[in-house]
Each structure stands twice: as structure tokens, then as C-alpha cells.
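Engineer: So the chains spell out like this:
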Amino acid sequence: MKHNDTLLPSTVKNKERRSAILVKLKHQKKVEKRKNAKVREADEKRALELGEELPPKKIPRTIENTREIDDTICKPDDEELFAGNDADEFSSILKQDFTPKILITTSRFNSTRGPAFITDLLSVIPNAHYYKRGTYDLKKIVEYAKNKDFTSLIVVHTNRREPDALLIIGLPDGPTAHFKLSRLVLHKDLKNHGNPTSHEPELVLTNFSTRLGHRVGRMIQSLFPQVPNFRGRRVVTFHNQRDFIFFRHHRYIFETKESKQAESKGKNSKDGKEAKSKEKVIARLQECGPRFTMKLISLQHGTFDTKGGEYEWVHKPEMDTSRRRFFL
Amino acid sequence: MPRTTTVESPGCPPFRALTADVLGLVKVIEIRGEQSGDTAKVVERWGEPDSSKSVLAASILDRKTDPLLGVARKTGLIEVISVINGDLRLSIPNVSQDGTSPKDDPITGLHLFKKQRSESSTRSYTLLTCTTNGSVRIESFEDSKSPADFIRDLSPTMLNVCGSGNILCSKVEEHENYALFAGKGVEVNVWDLQKCTKIWTAKSPPKNSLDIFTPTWFTCATFLCEDDHRKFVAGTNCHQVRLYDISAQRRPVMSVDFRETPIKAVAEDLDGHTVYIGNGSGDLASVDIRTGKLLGCFTGKCSGSIKSIARHPELPIIASCGLDSYLRIWDIHSRQLLSAVCYHMFLHIITGNLDLQENFCFQESLGA
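Protein chains in written order, with UniProt numbering: chain A, 1 to 328; chain B, 1 to 368.
Any given hint could be a false lead.
[Stated by the list, open to error] DEER-style ranges, computed between Cβ atoms:
no.: 1; chain 1: B; residue 1: Pro215; chain 2: A; residue 2: Arg113; range: 35 to 45 Å
no.: 2; chain 1: A; residue 1: Lys148; chain 2: B; residue 2: Asp288; range: 44 to 54 Å
no.: 3; chain 1: A; residue 1: Asp173; chain 2: B; residue 2: Thr299; range: 29 to 39 Å
no.: 4; chain 1: B; residue 1: Glu142; chain 2: A; residue 2: Asp173; range: 33 to 43 Å
no.: 5; chain 1: A; residue 1: Asp173; chain 2: B; residue 2: Cys196; range: 53 to 63 Å
no.: 6; chain 1: B; residue 1: Thr299; chain 2: A; residue 2: Ser92; range: 14 to 24 Å
no.: 7; chain 1: A; residue 1: Asp173; chain 2: B; residue 2: Leu270; range: 30 to 40 Å
no.: 8; chain 1: B; residue 1: Pro215; chain 2: A; residue 2: Asp173; range: 18 to 28 Å
no.: 9; chain 1: A; residue 1: Glu53; chain 2: B; residue 2: Thr299; range: 12 to 22 Å
no.: 10; chain 1: A; residue 1: Pro317; chain 2: B; residue 2: Asp288; range: 21 to 31 Å
no.: 11; chain 1: A; residue 1: Asp78; chain 2: B; residue 2: Asp87; range: 21 to 31 Å
no.: 12; chain 1: A; residue 1: Arg324; chain 2: B; residue 2: Glu142; range: 50 to 60 Å
no.: 13; chain 1: A; residue 1: Lys75; chain 2: B; residue 2: Asp192; range: 15 to 25 Å
[Stated by the list, open to error] EDC-like, lysine to aspartate or glutamate: derived pairs with alpha carbons at most 16 Å apart:
no.: 14; chain 1: A; residue 1: Lys307; chain 2: B; residue 2: Glu260
no.: 15; chain 1: B; residue 1: Lys301; chain 2: A; residue 2: Asp70
no.: 16; chain 1: A; residue 1: Lys307; chain 2: B; residue 2: Asp257
no.: 17; chain 1: B; residue 1: Lys74; chain 2: B; residue 2: Glu44
no.: 18; chain 1: A; residue 1: Lys316; chain 2: B; residue 2: Glu260
no.: 19; chain 1: B; residue 1: Lys301; chain 2: A; residue 2: Glu318
no.: 20; chain 1: B; residue 1: Lys301; chain 2: A; residue 2: Glu80
no.: 21; chain 1: B; residue 1: Lys301; chain 2: A; residue 2: Asp320
no.: 22; chain 1: B; residue 1: Lys41; chain 2: A; residue 2: Asp71
Simulated from the structure, these hints should not be mistaken for laboratory data.
For each residue, glycine too, the CB sits at the ideal point set by N, CA and C.
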């Protein structure tokens, strides 16, 4: 530890002087950081010019990098995982024995953004049907849905005129997942939005690494048909990061883009007239459909039964012992 | 939210426990040695993962020579396995012979008797099986050369425990003279096994002040102590734990309310007045049943419903397993988590015994 000849700001009791010292300290740090960055850039440029190896790039430390290792992370060679997958409630849908048929309904009061969200959801998920809630009990709705051969039930719960929770119930005895919704942007509010077609979408589920995450991922997968229509160029993404699941819906198109080979600046030689063009294939995305974020609150083992049911996973505040610990 | 809190879990004394899960596997976990760095590990695994053979009930017979574990599977198959090396001793395809298929009438309780019923010198096993519709059979089987070949007792004892409703829990007391059965729509019954008669039925508590009558739904039950068959504790679906005393009255003597989800597992302590209860959202607590006071909760990241709890007969530890696929070991007095083992699969039952130096039986009953 080098000897600090500058005063530690927290020991100064006078607020004005203390804040002045802090400002100076921050400025110093900023100047140093900029200097370091310039030195690094100069090093890289020089290495490029000389054709040497680039100095190793430093990896920034992020919370995802420093995530606590969890025992329940699925390993690729776990045969119990596969046996468990065969045995769970979604296996019959995922093996394409049944096509998914979804029933969407809402909580008893539904206003303002709720109906617009429901129409967006109907356009995203193929083979989805909307029924008004009326005054039916949720347990009765589960029975009716079972009689009519639905495979999943989605309930959009509205609070203060804004959809804020999503209940996904697998049928016949599937698990019930309760998600909290946030950051909802509707289809009409997106800038330059595209229009979704009715082709079956491709599904992208990323970063569901633990057992719980795997189960939730399979549940989401069971909402969509398993035969994506690649020609339709439509993709639905559920990306899990830090226990938040981000939902995006895009249409994509592959294009070839010509890019001239990079010549260093200032060289305008006559040989350079034949500029070599390198073709690159890139994918352009156009967002369509809603955009929202979900967070899992609880996963219950049977169909909806808060009083009599047993929970597979319920979030408890005593589980948040560390900022680097995530469950999905 | 705190940045990081790491609580050093104190070391766990050595023991051995057996668990059975929804894929039909029986696993043995052990902690050997006294060092605090030792964590519990799965040492053996018996069976192949197959969800049609998921284990519904288990019973351990812990004795110094030849400890046995009986498991009842979803297909109606009952197997008796040696605890030490997993050898299959006996395999009974379908206990009931009157044509009911095991799918409609799954087995909910199983008990391996310690005393031999018959006086034969060959090894024989006596089993009590209880199904959901209430048919209870006590049969003896004799061991012969291969596990699939056995000689059945010609006159099994059969009882019909309930007329309507489903039996969800059953327990045989230590001296194996009495057994209790309870379930959904079925009040707690106590039967005398020697005479095969019902000696006592519970009465539900009176309607509360709003005239609301909660339907009977017992999810787990246990006798309170070894010597006394008259007192037992039952947990209900309405998050209540009730103490019944046969010699006192038919209504519950003491009732304790615990949180909001159904009580899924109950285990008694050796001192005869503490019980450990686990509920559907993963809360484990210890209650003094004489006064009805909640002694404390076991906090420690248990996020799934607790299916079954076992208490070590000598060391002050208990183990709990459940739907969050972890087996957790707790210290009784400090209510601290000692160790946790991840199973990657829903656990249904845990029974345990200790080999090595001491032979102890760490029995947990299934909370279906």
C-alpha cells in the first residue's frame, strides 16, 4: 500500500472543503484514465502497423463474468437431465405429438394498455385464442381449457391500468409459472416497426443455464410450434440475463454488403484504383411486435392453486445473499 | 441488498442417508470423517432413470445385520433392497390381487416390519402396504433363491381403512402394534394391527365463528414418541398442525397454524415434544407441540416444497428434501444449515442410516 500523501476525503469534516477535494480527486482519476486509454491505443496502432501481435486485450469485469458458480447448472452430458426431460410435462408437446393451442385471458379488470397487449400477443404466438375473463374462477377456467384441449393458458394480469404479471399454466397438470412484467413497449409504439406475418416463428432461447432455467425454457418452448418456417424469416427471442427474461420479436433478412478493403489513410496510389471489394453477408433486423421484460416470481408444481399447492421454486428474500447469484 | 454474505457452515457429523426420487433412482449420500471441509456427496446410485418407475413410498428397516429398504413404485412394483450394497432381495410385481390396477390406486404407504410374523428360520419379510383407496394389506414373503421368486403368505391380513376419500399418509408406530391412516376426506384412524380393528377415529374441530367448516384434508402424520401410541401429530392442507391424544378426546388437543401453504412433511424429535414441519413453499420450522409455540424456522435458501424430513436418532441433525432438488442437513439446536447436496431431480423420499461405526436409522416418511 503506497503512502497516501493526499488526505482521505472522508476524514475532512467540512463539507465544502471535502467536496472540493473530491472534485479534484475525480478529475485526477479521469485524466489518468484518458492517458491510459491513449497509451493503449497508440500501442495497438503501432503493433498493427508493424505487423506484430496486438497486446492482449483486457476483459472488463462484469457481474455476469463473476457470477457465483451454481451447482444446478446443467451439464451437457447429464443423462438424468435427459431422462427428466422425457418425463416432464412438456415432452409430449416438444416431441410434436400435440400442436400447442394457447388460451389467453386476463384478470377481471382490463383496461388501457391491456387489450392492446393482448392483440400483440395474439399476433406473436401462433394458434392462440383470446377469451374474455368474465367472472370465472381461475380454477374453473383451467378445467374448461382442459376440456377443450388447450395445451397452455396465459393470464395477463393488470394492475393500475398497466399489464404487470403473466401467469403461464401448462395443461393438463403442468407447472404454473408466475412472471412479473415490466418495460412493456407495444407494437404501435415502436419506431419503424415491421409487420408480423403468420409464418411459424423461430424461437431463440439464450442463457437458461440452471436446472430451473432449463425447465422454464422448456415451458416457453412448449408455447410455440416446433416446426419453424425459416422462409418466413420471423424470430422470437427470449434472452435471459441476470434472471430477467427479455422478449423481442423481429423479422430478419440476409443481405450481402460490399465493403471496400480498408486502405490506410492518405495513400492514394495509382495501384489503389482497383479497390478490392469484399462481400460480407449480414442480417438486418426489423423489430415488430411488443417488447417486454419478464422476471420469474414463482414456479408451482401443479396447476394454479396458491393455497393448496406446492411450489418448486419461490423467491424468498433470504436467498439474495449475493449480488452475483442468479437462479435462472 | 447486502453485497455478499457468506456464512461459514459448520462441519457436519458423519452419517449416511438414502433418498428416492421421481425417476425411480435410489441414491446414497454420505459424509465421512470429521473434518469440517467434508461435504456430503452422492456415493451410490441404484436403478436406471425411468419415470414410470418413480418411487411413491419407502420404508427402512434399520438393524445391525442386514438393513433393508423397501420401495414402492408407481407401477405397483415393490422392491426390497439391501441398504449396504443395493442388492435386490425381493421384487413383488403387484401386491393387490383383486384386479385394481396400480394406476388408479397407487400405493401411498409402505412399512417393513421388524418382527417376523411367522416363526420360520428362512428370511422372511413382512410388509404393510396402503393404497389410496384405503386397502391395506399385511403380507409376509419368504425369501428364496432369486428375487423374483418368492413364496407368499397364504392368508394376508386385509383391512379396509376408509369408505370414501383418499388415504394420503400412514404410519406404523415403533412397537408395530398400532397404525394410523389419514387423508383427504378421511379423518385420522388408529387401528390395532394384532386384532385388525379400528380403535379410534378423530373428530374434526368445530365450525369457527363464521360458521365455516374446513373440509378434512390431512397430508402427513407421525406418532409423537416411541413408547406411546396414543399421541400423534398430523398436518393438514390448511396449514395447521394438530396434536391428537387418543386417551383424552376425539377432537385435536392442540392446533398450531403455520404460514400459508399446506404442511407437507412432519417429523418428531426424540424428546417427545418437538416436531419439525415442512410446508409447500419450503419453510421448515420446529414447534413445541405441548404449548403450541413455534420454536423457530430453519432459514437457508430452501425454495421448493419440502417433501420429507428425517431426524437422526443420535446426532442432533435433521435432513430435508424436496422439489427444489436439494438435500439439506440442518443442526437442530442452532437451526443452521450444515450442508446441502444438489440432486438435479425432484426428490420424493429420504430415509437414512449410518453404516461405518454406528448403525442408526434416519427414517423419513414420504409426504405425497
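Engineer: So, for every hint listed, does it hold in this structure?
Structural biologist: Hints versus structure:
| no. | hint | verdict |
| --- | --- | --- |
| 1 | B:Pro215 to A:Arg113: 35 to 45 Å | 41 Å, holds |
| 2 | A:Lys148 to B:Asp288: 44 to 54 Å | 51 Å, holds |
| 3 | A:Asp173 to B:Thr299: 29 to 39 Å | 31 Å, holds |
| 4 | B:Glu142 to A:Asp173: 33 to 43 Å | 40 Å, holds |
| 5 | A:Asp173 to B:Cys196: 53 to 63 Å | 37 Å, violated |
| 6 | B:Thr299 to A:Ser92: 14 to 24 Å | 38 Å, violated |
| 7 | A:Asp173 to B:Leu270: 30 to 40 Å | 38 Å, holds |
| 8 | B:Pro215 to A:Asp173: 18 to 28 Å | 21 Å, holds |
| 9 | A:Glu53 to B:Thr299: 12 to 22 Å | 53 Å, violated |
| 10 | A:Pro317 to B:Asp288: 21 to 31 Å | 27 Å, holds |
| 11 | A:Asp78 to B:Asp87: 21 to 31 Å | 27 Å, holds |
| 12 | A:Arg324 to B:Glu142: 50 to 60 Å | 58 Å, holds |
| 13 | A:Lys75 to B:Asp192: 15 to 25 Å | 52 Å, violated |
| 14 | A:Lys307 to B:Glu260 | 7 Å, holds |
| 15 | B:Lys301 to A:Asp70 | 13 Å, holds |
| 16 | A:Lys307 to B:Asp257 | 14 Å, holds |
| 17 | B:Lys74 to B:Glu44 | 22 Å, violated |
| 18 | A:Lys316 to B:Glu260 | 14 Å, holds |
| 19 | B:Lys301 to A:Glu318 | 6 Å, holds |
| 20 | B:Lys301 to A:Glu80 | 24 Å, violated |
| 21 | B:Lys301 to A:Asp320 | 9 Å, holds |
| 22 | B:Lys41 to A:Asp71 | 12 Å, holds |
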